[in-house]
Amino acid sequence: MVTYVASKGTLSIDIYSQKIAERLPVDIYFSEYFTGVMERRAEQKPRKISKLWSDFVYDYAHLKKLRKLPGTLHFSHQHFGRFGRFLARPYIITCHDIIRYLDMNGDTVLQKRPEGRSRLYLGLDFAGTRRASRIVAISDFTKRELIERLGVAENKVEVIYPGVDHDIFKPRSRTNQARPYILYTGSEVPRKNFLSLIDAFRELKREASFSDLMFVKVGASDDAHMRAIAIERIRSYGLGDAVRFTGRITDDELAQYYTMAECFIFPSFYEGFGLPPLEAMACGCPVIVANAAALPEVVGEAGLKVDPSNVKQLTDTLRQVLMQAALRRKLSLQGLERASAFSWDRAAEQTARFYEGIGV
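In this note's numbering, the protein residues as written are 392 to 751.
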(Lines of atoms letter the chains of each structure in order from A and count residues from 1; the text may use other names and numbers.)
(Lines give C-alpha, C1' and ligand atoms only; values in the text may rest on other atoms or scores of the structure.)
Protein backbone atom coordinates (compact mmCIF):
# COMPACT_ATOMS: atom_id res chain seq x y z
CA MET A 1 0.00 0.00 0.00
CA VAL A 2 1.26 3.49 -0.91
CA THR A 3 0.27 6.97 0.17
CA TYR A 4 1.47 9.60 -2.30
CA VAL A 5 2.38 12.85 -0.54
CA ALA A 6 1.72 15.69 -2.97
CA SER A 7 2.46 19.35 -2.25
CA LYS A 8 0.06 22.20 -2.76
CA GLY A 9 1.45 25.34 -4.37
CA THR A 10 2.34 26.85 -7.73
CA LEU A 11 6.02 25.95 -8.17
CA SER A 12 6.98 23.46 -10.87
CA ILE A 13 7.58 20.70 -8.32
CA ASP A 14 4.12 21.34 -6.86
CA ILE A 15 2.45 21.19 -10.26
CA TYR A 16 4.31 17.96 -11.03
CA SER A 17 3.06 16.35 -7.83
CA GLN A 18 -0.51 17.48 -8.44
CA LYS A 19 -0.57 16.17 -12.02
CA ILE A 20 0.69 12.76 -10.85
CA ALA A 21 -1.64 12.68 -7.85
CA GLU A 22 -4.70 13.25 -10.04
CA ARG A 23 -3.94 10.02 -11.90
CA LEU A 24 -2.44 7.60 -9.37
CA PRO A 25 -4.63 4.69 -8.10
CA VAL A 26 -3.30 5.03 -4.52
CA ASP A 27 -4.13 7.06 -1.42
CA ILE A 28 -3.23 10.72 -1.84
CA TYR A 29 -2.30 13.22 0.87
CA PHE A 30 -2.10 16.86 -0.20
CA SER A 31 0.41 18.58 2.05
CA GLU A 32 0.16 22.32 2.71
CA TYR A 33 3.46 22.29 4.60
CA PHE A 34 5.58 24.22 2.09
CA THR A 35 2.86 26.77 1.36
CA GLY A 36 2.77 27.36 5.11
CA VAL A 37 6.56 27.63 5.27
CA MET A 38 6.55 30.41 2.68
CA GLU A 39 3.77 32.26 4.48
CA ARG A 40 5.58 32.00 7.81
CA ARG A 41 8.83 33.27 6.33
CA ALA A 42 7.05 36.30 4.91
CA GLU A 43 5.57 37.06 8.34
CA GLN A 44 8.66 36.36 10.49
CA LYS A 45 11.27 38.99 9.61
CA PRO A 46 13.56 39.57 11.35
CA ARG A 47 13.77 36.03 12.71
CA LYS A 48 14.06 35.62 16.47
CA ILE A 49 14.70 32.63 18.73
CA SER A 50 11.01 32.51 19.65
CA LYS A 51 10.11 32.37 15.96
CA LEU A 52 12.60 29.53 15.36
CA TRP A 53 10.97 27.58 18.17
CA SER A 54 7.62 28.24 16.53
CA ASP A 55 9.04 26.82 13.28
CA PHE A 56 10.10 23.67 15.12
CA VAL A 57 6.59 23.25 16.54
CA TYR A 58 5.14 23.74 13.04
CA ASP A 59 7.51 21.13 11.56
CA TYR A 60 6.78 18.62 14.31
CA ALA A 61 3.04 19.00 13.82
CA HIS A 62 3.45 18.11 10.16
CA LEU A 63 5.69 15.15 11.02
CA LYS A 64 2.97 13.78 13.27
CA LYS A 65 0.50 13.98 10.37
CA LEU A 66 2.91 12.07 8.12
CA ARG A 67 3.42 9.37 10.75
CA LYS A 68 -0.33 8.70 10.78
CA LEU A 69 -0.57 8.13 7.02
CA PRO A 70 -1.00 4.49 5.97
CA GLY A 71 1.41 2.35 3.98
CA THR A 72 4.67 3.32 2.32
CA LEU A 73 4.95 7.06 1.84
CA HIS A 74 6.00 8.40 -1.56
CA PHE A 75 7.19 11.99 -1.20
CA SER A 76 6.66 13.95 -4.40
CA HIS A 77 9.90 15.94 -4.19
CA GLN A 78 13.25 15.98 -2.44
CA HIS A 79 12.40 18.77 0.01
CA PHE A 80 10.18 16.36 1.94
CA GLY A 81 13.44 14.55 2.70
CA ARG A 82 13.78 16.62 5.88
CA PHE A 83 11.15 14.36 7.47
CA GLY A 84 12.70 11.11 6.29
CA ARG A 85 15.13 10.43 9.10
CA PHE A 86 12.30 10.91 11.61
CA LEU A 87 10.10 8.19 10.08
CA ALA A 88 10.41 4.67 11.43
CA ARG A 89 9.55 2.99 8.12
CA PRO A 90 10.75 2.83 4.51
CA TYR A 91 9.71 5.61 2.14
CA ILE A 92 10.14 6.67 -1.50
CA ILE A 93 11.21 10.11 -2.75
CA THR A 94 10.97 11.67 -6.19
CA CYS A 95 14.08 13.77 -6.83
CA HIS A 96 13.73 16.54 -9.40
CA ASP A 97 17.28 17.87 -9.16
CA ILE A 98 20.12 18.47 -6.72
CA ILE A 99 20.49 22.19 -7.45
CA ARG A 100 20.26 23.25 -3.82
CA TYR A 101 22.72 20.53 -2.76
CA LEU A 102 25.22 21.93 -5.25
CA ASP A 103 24.54 25.45 -3.99
CA MET A 104 25.54 24.24 -0.52
CA ASN A 105 28.60 22.28 -1.55
CA GLY A 106 29.69 23.40 -5.01
CA ASP A 107 32.02 26.13 -6.18
CA THR A 108 29.43 27.74 -8.46
CA VAL A 109 26.13 29.16 -7.25
CA LEU A 110 23.30 27.87 -9.43
CA GLN A 111 20.43 29.53 -7.61
CA LYS A 112 21.38 31.04 -4.26
CA ARG A 113 23.94 30.17 -1.60
CA PRO A 114 21.98 28.92 1.45
CA GLU A 115 22.82 30.11 4.92
CA GLY A 116 21.71 29.41 8.47
CA ARG A 117 18.29 27.79 8.74
CA SER A 118 18.04 27.15 4.99
CA ARG A 119 21.35 25.29 5.01
CA LEU A 120 20.19 23.14 7.91
CA TYR A 121 16.94 22.20 6.21
CA LEU A 122 18.56 21.55 2.84
CA GLY A 123 21.07 19.30 4.56
CA LEU A 124 18.18 17.34 6.02
CA ASP A 125 16.44 17.23 2.63
CA PHE A 126 19.33 15.55 0.86
CA ALA A 127 20.26 13.33 3.81
CA GLY A 128 16.64 12.15 3.69
CA THR A 129 16.89 11.62 -0.04
CA ARG A 130 19.95 9.41 0.43
CA ARG A 131 18.11 7.46 3.14
CA ALA A 132 15.03 6.71 1.00
CA SER A 133 14.49 3.04 0.24
CA ARG A 134 13.84 3.91 -3.41
CA ILE A 135 14.16 7.12 -5.46
CA VAL A 136 12.30 8.21 -8.58
CA ALA A 137 14.46 10.54 -10.72
CA ILE A 138 12.77 12.67 -13.38
CA SER A 139 15.63 12.24 -15.88
CA ASP A 140 18.66 10.07 -16.56
CA PHE A 141 20.74 13.16 -15.84
CA THR A 142 19.27 13.52 -12.35
CA LYS A 143 19.82 9.80 -11.77
CA ARG A 144 23.52 10.21 -12.64
CA GLU A 145 23.78 13.21 -10.33
CA LEU A 146 22.29 11.21 -7.47
CA ILE A 147 24.74 8.38 -8.04
CA GLU A 148 27.86 10.46 -8.65
CA ARG A 149 27.34 13.35 -6.23
CA LEU A 150 25.16 11.94 -3.45
CA GLY A 151 26.57 8.41 -3.54
CA VAL A 152 23.17 6.77 -4.04
CA ALA A 153 23.25 3.14 -5.21
CA GLU A 154 22.24 2.84 -8.85
CA ASN A 155 19.75 0.04 -8.17
CA LYS A 156 17.78 2.35 -5.85
CA VAL A 157 16.92 4.84 -8.61
CA GLU A 158 14.12 4.56 -11.18
CA VAL A 159 13.75 7.14 -13.99
CA ILE A 160 10.20 8.29 -14.75
CA TYR A 161 9.84 11.33 -17.00
CA PRO A 162 7.32 14.09 -16.28
CA GLY A 163 4.56 14.79 -18.76
CA VAL A 164 2.98 17.71 -20.54
CA ASP A 165 -0.72 18.61 -20.52
CA HIS A 166 -1.66 18.25 -24.18
CA ASP A 167 -5.14 19.65 -23.54
CA ILE A 168 -3.49 22.99 -22.74
CA PHE A 169 -0.14 22.95 -24.50
CA LYS A 170 -1.06 22.49 -28.13
CA PRO A 171 -0.89 24.72 -31.22
CA ARG A 172 -3.35 27.60 -30.92
CA SER A 173 -4.91 29.77 -33.59
CA ARG A 174 -2.41 32.36 -34.72
CA THR A 175 -3.47 35.98 -34.35
CA ASN A 176 -2.14 39.17 -35.86
CA GLN A 177 0.78 40.67 -33.99
CA ALA A 178 2.70 43.87 -34.48
CA ARG A 179 6.22 42.46 -34.17
CA PRO A 180 7.91 39.04 -34.27
CA TYR A 181 9.50 37.81 -31.03
CA ILE A 182 11.72 35.18 -29.51
CA LEU A 183 10.47 33.68 -26.26
CA TYR A 184 12.01 32.65 -22.95
CA THR A 185 10.17 31.40 -19.85
CA GLY A 186 11.73 31.23 -16.41
CA SER A 187 13.46 33.33 -13.82
CA GLU A 188 16.77 35.20 -13.74
CA VAL A 189 18.66 33.05 -11.19
CA PRO A 190 22.27 32.36 -12.28
CA ARG A 191 21.72 28.82 -13.60
CA LYS A 192 19.14 30.11 -16.10
CA ASN A 193 21.84 32.05 -17.99
CA PHE A 194 19.45 34.91 -18.71
CA LEU A 195 22.17 37.55 -19.04
CA SER A 196 23.83 35.67 -21.90
CA LEU A 197 20.48 35.60 -23.67
CA ILE A 198 20.23 39.38 -23.35
CA ASP A 199 23.74 39.66 -24.79
CA ALA A 200 22.80 37.47 -27.75
CA PHE A 201 19.65 39.47 -28.36
CA ARG A 202 21.66 42.70 -28.44
CA GLU A 203 23.92 41.24 -31.12
CA LEU A 204 20.89 40.40 -33.25
CA LYS A 205 19.38 43.86 -32.79
CA ARG A 206 22.52 45.41 -34.28
CA GLU A 207 21.52 43.91 -37.62
CA ALA A 208 18.98 45.67 -39.85
CA SER A 209 17.19 42.39 -40.53
CA PHE A 210 16.04 42.26 -36.91
CA SER A 211 15.03 45.86 -36.33
CA ASP A 212 11.45 44.79 -35.50
CA LEU A 213 12.40 41.74 -33.43
CA MET A 214 11.15 41.58 -29.83
CA PHE A 215 12.28 39.48 -26.88
CA VAL A 216 9.51 38.29 -24.54
CA LYS A 217 10.35 36.96 -21.10
CA VAL A 218 7.55 35.09 -19.28
CA GLY A 219 7.62 34.30 -15.57
CA ALA A 220 8.05 35.87 -12.17
CA SER A 221 11.43 36.76 -10.72
CA ASP A 222 12.94 34.51 -8.03
CA ASP A 223 15.86 36.86 -7.42
CA ALA A 224 15.34 40.61 -7.12
CA HIS A 225 19.07 41.27 -7.36
CA MET A 226 19.46 39.36 -10.61
CA ARG A 227 16.31 40.98 -12.03
CA ALA A 228 17.80 44.41 -11.29
CA ILE A 229 21.06 43.46 -13.02
CA ALA A 230 19.13 42.20 -16.06
CA ILE A 231 17.03 45.36 -16.31
CA GLU A 232 20.10 47.56 -16.03
CA ARG A 233 21.84 45.59 -18.78
CA ILE A 234 18.80 45.92 -21.03
CA ARG A 235 18.74 49.67 -20.35
CA SER A 236 22.46 50.08 -20.99
CA TYR A 237 22.10 48.27 -24.34
CA GLY A 238 19.24 50.54 -25.36
CA LEU A 239 16.86 47.58 -25.68
CA GLY A 240 14.09 48.82 -23.42
CA ASP A 241 11.44 49.08 -26.14
CA ALA A 242 12.33 45.66 -27.57
CA VAL A 243 12.15 43.57 -24.37
CA ARG A 244 8.91 42.69 -22.61
CA PHE A 245 8.55 41.10 -19.15
CA THR A 246 5.07 39.59 -18.82
CA GLY A 247 5.32 38.35 -15.24
CA ARG A 248 3.29 35.30 -14.24
CA ILE A 249 0.55 34.36 -16.73
CA THR A 250 -1.98 31.56 -17.12
CA ASP A 251 -1.14 28.32 -18.92
CA ASP A 252 -3.61 29.20 -21.66
CA GLU A 253 -1.86 32.53 -22.20
CA LEU A 254 1.51 30.77 -22.18
CA ALA A 255 0.36 28.29 -24.85
CA GLN A 256 -0.62 31.26 -27.03
CA TYR A 257 2.81 32.84 -26.53
CA TYR A 258 4.50 29.57 -27.52
CA THR A 259 2.34 29.30 -30.65
CA MET A 260 3.05 32.84 -31.80
CA ALA A 261 6.81 32.93 -31.09
CA GLU A 262 9.37 32.69 -33.88
CA CYS A 263 11.29 30.36 -31.61
CA PHE A 264 11.76 29.45 -27.95
CA ILE A 265 15.20 29.51 -26.33
CA PHE A 266 16.21 27.94 -23.02
CA PRO A 267 19.96 28.38 -22.40
CA SER A 268 20.18 27.04 -18.81
CA PHE A 269 23.44 25.75 -17.38
CA TYR A 270 21.55 23.31 -15.15
CA GLU A 271 18.09 21.72 -15.28
CA GLY A 272 16.94 18.49 -13.64
CA PHE A 273 14.54 18.10 -16.56
CA GLY A 274 13.16 21.29 -18.11
CA LEU A 275 9.41 21.43 -18.77
CA PRO A 276 9.31 24.71 -20.78
CA PRO A 277 11.04 23.28 -23.89
CA LEU A 278 8.61 20.34 -23.80
CA GLU A 279 5.64 22.70 -23.52
CA ALA A 280 6.98 24.80 -26.39
CA MET A 281 7.42 21.76 -28.63
CA ALA A 282 3.88 20.61 -27.79
CA CYS A 283 2.66 23.98 -29.12
CA GLY A 284 4.64 23.62 -32.35
CA CYS A 285 7.24 26.22 -31.41
CA PRO A 286 10.82 25.73 -32.73
CA VAL A 287 13.12 25.11 -29.75
CA ILE A 288 16.74 25.95 -28.96
CA VAL A 289 18.24 24.64 -25.70
CA ALA A 290 21.61 24.48 -24.00
CA ASN A 291 23.62 21.33 -24.59
CA ALA A 292 23.84 20.97 -20.80
CA ALA A 293 22.37 18.91 -17.96
CA ALA A 294 19.04 17.21 -18.83
CA LEU A 295 18.03 19.48 -21.71
CA PRO A 296 19.42 17.36 -24.60
CA GLU A 297 17.57 14.42 -23.03
CA VAL A 298 14.30 16.36 -23.12
CA VAL A 299 14.38 17.61 -26.72
CA GLY A 300 16.21 14.68 -28.34
CA GLU A 301 16.79 15.45 -32.01
CA ALA A 302 13.79 17.77 -32.19
CA GLY A 303 15.59 20.88 -30.94
CA LEU A 304 18.83 22.71 -31.68
CA LYS A 305 21.49 22.62 -28.97
CA VAL A 306 24.05 25.29 -28.16
CA ASP A 307 26.93 25.84 -25.76
CA PRO A 308 25.32 28.03 -23.06
CA SER A 309 28.62 29.76 -22.28
CA ASN A 310 29.16 30.80 -25.91
CA VAL A 311 27.20 33.98 -26.68
CA LYS A 312 28.31 33.94 -30.32
CA GLN A 313 26.88 30.45 -30.77
CA LEU A 314 23.64 31.51 -29.10
CA THR A 315 23.44 34.47 -31.48
CA ASP A 316 24.33 32.48 -34.60
CA THR A 317 21.78 29.76 -33.80
CA LEU A 318 19.02 32.28 -33.16
CA ARG A 319 19.87 34.01 -36.44
CA GLN A 320 19.79 30.69 -38.29
CA VAL A 321 16.32 29.82 -36.99
CA LEU A 322 14.93 33.31 -37.50
CA MET A 323 16.17 33.55 -41.08
CA GLN A 324 15.15 30.08 -42.28
CA ALA A 325 11.42 29.43 -42.49
CA ALA A 326 12.02 25.86 -43.67
CA LEU A 327 14.11 25.12 -40.58
CA ARG A 328 11.41 26.53 -38.32
CA ARG A 329 8.80 24.29 -39.98
CA LYS A 330 11.05 21.26 -39.60
CA LEU A 331 11.72 21.96 -35.92
CA SER A 332 8.03 22.57 -35.32
CA LEU A 333 7.00 19.19 -36.77
CA GLN A 334 9.80 17.32 -35.02
CA GLY A 335 8.94 19.04 -31.75
CA LEU A 336 5.29 18.07 -31.96
CA GLU A 337 6.26 14.45 -32.51
CA ARG A 338 8.79 14.50 -29.67
CA ALA A 339 6.37 16.11 -27.20
CA SER A 340 3.69 13.52 -27.98
CA ALA A 341 5.83 10.89 -26.23
CA PHE A 342 5.44 12.67 -22.87
CA SER A 343 2.15 12.71 -20.95
CA TRP A 344 1.02 12.81 -17.33
CA ASP A 345 -1.06 9.67 -17.88
CA ARG A 346 2.05 7.81 -18.96
CA ALA A 347 4.05 9.17 -16.01
CA ALA A 348 1.35 8.03 -13.57
CA GLU A 349 1.08 4.60 -15.21
CA GLN A 350 4.84 4.11 -14.96
CA THR A 351 4.75 5.19 -11.31
CA ALA A 352 1.99 2.66 -10.55
CA ARG A 353 3.99 -0.09 -12.28
CA PHE A 354 7.04 0.96 -10.28
CA TYR A 355 5.07 0.36 -7.06
CA GLU A 356 4.06 -3.10 -8.28
CA GLY A 357 7.66 -3.89 -9.21
CA ILE A 358 8.97 -3.17 -5.72
CA GLY A 359 6.03 -4.82 -3.97
CA VAL A 360 4.42 -1.90 -2.16
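Calculated from the structure, these hints are not laboratory results. It is possible that part of the hints are untrue.
For lysine-lysine, the following PhoX-like pairs were computed, each having C-alpha atoms within a straight-line distance of at most 20 Å [claimed, not checked]:
#1 Lys-456 to Lys-399
#2 Lys-561 to Lys-410
#3 Lys-455 to Lys-399
#4 Lys-547 to Lys-561
#5 Lys-459 to Lys-561
#6 Lys-596 to Lys-721
#7 Lys-561 to Lys-596
Since the model is a prediction, treat every value here as computed from it, not as a measurement.
Evaluation of the provided hints:
no. : hint               : in the structure
1   : Lys-456 to Lys-399 : 15 Å, holds
2   : Lys-561 to Lys-410 : 17 Å, holds
3   : Lys-455 to Lys-399 : 18 Å, holds
4   : Lys-547 to Lys-561 : 35 Å, violated
5   : Lys-459 to Lys-561 : 41 Å, violated
6   : Lys-596 to Lys-721 : 25 Å, violated
7   : Lys-561 to Lys-596 : 30 Å, violated
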